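Protein chains in written order, with the working numbering: chain A, 1 to 248; chain B, 1 to 248.
Quick caveat, the hints were computed from the structure, so don't treat them as lab data. Check the hints yourself; a few may be wrong.
Now the stretches of chain A that chain B is said to cover, found in silico as 3 or more residues with beta-carbon under 8 Å [to be verified]:
#1 3-17
#2 133-139
Pairs of lysine to aspartate or glutamate, EDC-like flavour, derived with a Cα cap of 16 Å [stated by the list, open to error]:
#3 B:Lys90 / B:Glu58
#4 A:Lys89 / A:Asp119
#5 A:Lys61 / A:Asp119
#6 A:Lys5 / A:Glu132
#7 B:Lys5 / A:Asp25
#8 A:Lys5 / B:Asp156
For clarity, every value in this text was computed on a predicted model and none was experimentally measured. For each residue, glycine too, the CB sits at the ideal point set by N, CA and C.
2 protein chains.
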Amino acid sequence: MSDAKIRLFVDQPLGPGQPVALNGDQAHYLFSVMRLSRGAAVLLFNGRDGEWRAVVAEAGKRAGILTCETQTAPLRLPPDLWLLFAPIKKARTDFIVEKAAEMGAARILPVQTRYTNADRIRQDRLQAHAVEAAEQCGGTFVPEVAELQPLDRLLDRWPAERRILWCDEHQAGQPVTLATLTALPAGPWAILIGPEGGFAAPEQARLAGLPQVVQASLGPRILRADTAAVAALTLWQIAQGDWRESPE
Amino acid sequence: MSDAKIRLFVDQPLGPGQPVALNGDQAHYLFSVMRLSRGAAVLLFNGRDGEWRAVVAEAGKRAGILTCETQTAPLRLPPDLWLLFAPIKKARTDFIVEKAAEMGAARILPVQTRYTNADRIRQDRLQAHAVEAAEQCGGTFVPEVAELQPLDRLLDRWPAERRILWCDEHQAGQPVTLATLTALPAGPWAILIGPEGGFAAPEQARLAGLPQVVQASLGPRILRADTAAVAALTLWQIAQGDWRESPE
């Protein structure tokens, strides 16, 4: 454990003695909100170089410099799992992104389906939510949030080797059991969560016909999309992902 | 499937020909917000008599009467699982209650720990969230949300036969694996989610010493309490609960 309480995501490279210049928001947060001063320790990560203990070398009102000292954790990449979901109401979309980052998805892909209400997302805001979740959950990696894209177009160029766990609350599907989870083949995966109105018939037909797709039903109650996302990520992580390993 | 789109929780008994008088809020919702008129169909449930198709017999501004016709689903009780959690920020506490109802917890018990910030909850508001979640998820049961009570007092009279799955993100614990899940003994259970600051040392010692307690670690990242609640409910449901059965 480090004496530093604050974890901060930065864009710059991290390494021994490496100075890290803060932007105005970061300086404001560290020095005005959290009241850190010269010599205080912060944990930094950039999604590439693991986690580093850094100390405040210069503290200004809207600027500052930290100096990296020692690595406190190696880079820990999440398993090769994407989360595809149809954006819903703002608060719940934010929530899905936060939860996907906490649960260890490697990429987050908002998709537009026939019954998706949103025709745009604030990608930058969602990405910021993923950063915040990574800062909070102790991760050293931040999943990329992609721009909103039509599901059909994404499926047109879908990689042959990436399987899709398709969770559609309005479809029967196979109920997920411990046996199905154990039998899931290894390799790259994506979880696809349906929109609130379900998938349109042509979408259903297309998905059902894809060889990569495994259809799954999540219990006897109809879950909201945000609940379904966390539940599906949990099941995949324990079956195939990094929940199988012991924590350090 | 019924022609009725709206599901409404009511307190009254439900049965063939049974008239159900609406309160002012319910009448406002059905007739002013949703614009239903005489003869329109609604699905009713009360947590005891299953789900019934009812039709509007009288529609007024702040009152109305529905008449039950036929049962559309039997009562489906959730498994005997309690969720214990330390209330956190308002929005996340609301969220935990909503998710617990969706995920099929039978009782929801907010508990006060040494590091719990909240010293009161709005039990009526949380109960209303559980009702709304049940209306939305197609359930025929509404879990009771208990009043906030100190964890210590709850443990003083803890039933000998009810096991506790203790998820504390600040404790090592045994990582939950598919094997541990399969080996969980049957019977009444509770899930205990730690507060954001973790448990105090005396609480940890007490919990660790209880014969009913199984300690669990949920993956390598630190989950927020609301994420941990959904993840733990998912794992328990698939191992011990009603996710093992096929949906109708």
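Query - chain B over the segment 133-139 of chain A, status - at least 3 residues with CB closer than 8 Å - result: Holds, because 4 residues of the segment 133-139 of chain A bring their Cβ atoms closer than 8 Å to Cβ atoms of chain B.
Query raised in the report: Keeping to a limit of 16 Å between CA atoms, is the pair of A:Lys61 and A:Asp119 held or broken?
Result: Given pair A:Lys61, A:Asp119 is violated - Cα atoms ~39 Å apart, limit 16 Å.
Query raised in the report: Is it true that the CA of A:Lys5 sits at most 16 Å from the CA of A:Glu132?
Result: 15 Å, holds
Requested in this report: Would you check the hint for A:Lys5 and B:Asp156, treating anything up to 16 Å between C-alpha atoms as holding?
Outcome: Roughly 35 Å between the alpha carbons, so the hint for A:Lys5 and B:Asp156 is violated.
Query raised in the report: Within a Cα-Cα threshold of 16 Å, do A:Lys89 and A:Asp119 meet the stated pairing?
Result: 12 Å, holds
Query raised in the report: Under the criterion that the straight-line Cα-Cα distance not exceed 16 Å, is the pair B:Lys5, A:Asp25 satisfied?
Result: Status violated; Cα separation ~47 Å.
Query raised in the report: Going straight from one Cα to the other, do B:Lys90 and B:Glu58 come out at no more than 16 Å?
Result: 38 Å, violated
Query raised in the report: Holds or violated: the segment 3-17 of chain A covered by chain B, criterion of 3 or more residues with Cβ-Cβ distance under 8 Å?
Result: violated (count 0)
Going down the numbered hints, you'll see the structure goes against 1, 3, 5, 7 and 8, while the others check out.
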